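Using the sequences and the hints given, assemble the complete structure.
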Amino acid sequence: DHHVDSIAAWALQDGRDAGIVTTTRVTHASPAAAYAHSAERDWESDTDVADACADTPAEHRQDDIAKQLVHSFPGNQFRVILGGGRREFLPNTTLDEDGTPGRRSDGRDLIAEWRTTQAAR
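Counting along the sequence shown from 1, when you hit position 89 you're at 89 in the UniProt record's numbering, and nothing is skipped either side.
Some hints here could point you the wrong way.
Now the in silico label distances, taken between C-beta atoms and shown as ranges [claimed, not checked]:
no., residue 1, residue 2, range
1, 94, 4, 29 to 35 Å
2, 101, 15, 37 to 43 Å
3, 120, 13, 17 to 23 Å
4, 121, 5, 18 to 24 Å
If you're looking for bench data, these hints aren't it; they were derived computationally from the structure. As the structure is a computational prediction, the values presented were derived from the model and not from experiment. Quick reminder that beta carbons are idealized off the backbone N, C-alpha and C, glycines included.
So this is what it looks like as structure tokens:
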């Protein structure tokens with residue numbers, strides 16, 4: 001494994017709580033450094049990864065940053081996540097509360113998935 005740990009991962013491994021608070025998108029490169037591993041800082045949604053890796057079979061592509069926050073350690077253990085960027089978590093067939101379409105081409109609603117996962121914790 002060639003990943004670098006983050007201070008958030010260290011805190012969680014030590015039994016402490018962790019999370020992120022930002023004035024930008026929670027999938028932006030700066031806050032994402034607390035939880036994501038990405039070859040490209042702009043791979044915030046699956047659409048970004050698919051566009052950049054069109055010649056790579058889907059099963060060999062890395063998970064996008066939003067998906068890592070919801071489904072991978074340490075992001076999936078965060079106690080607080082405050083910031084913007086909900087479009088990266090919503091399908092491109094869905095409008096958010098402000099009428100802005102999501103950006104995901106995989107049809108997944110990662111916000112709903114997060115709620116389901118966290119309710120089970």
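Each hint tested on the structure:
no.: 1; hint: 94 with 4: 29 to 35 Å; in the structure: holds (34 Å)
no.: 2; hint: 101 with 15: 37 to 43 Å; in the structure: holds (40 Å)
no.: 3; hint: 120 with 13: 17 to 23 Å; in the structure: holds (21 Å)
no.: 4; hint: 121 with 5: 18 to 24 Å; in the structure: holds (22 Å)
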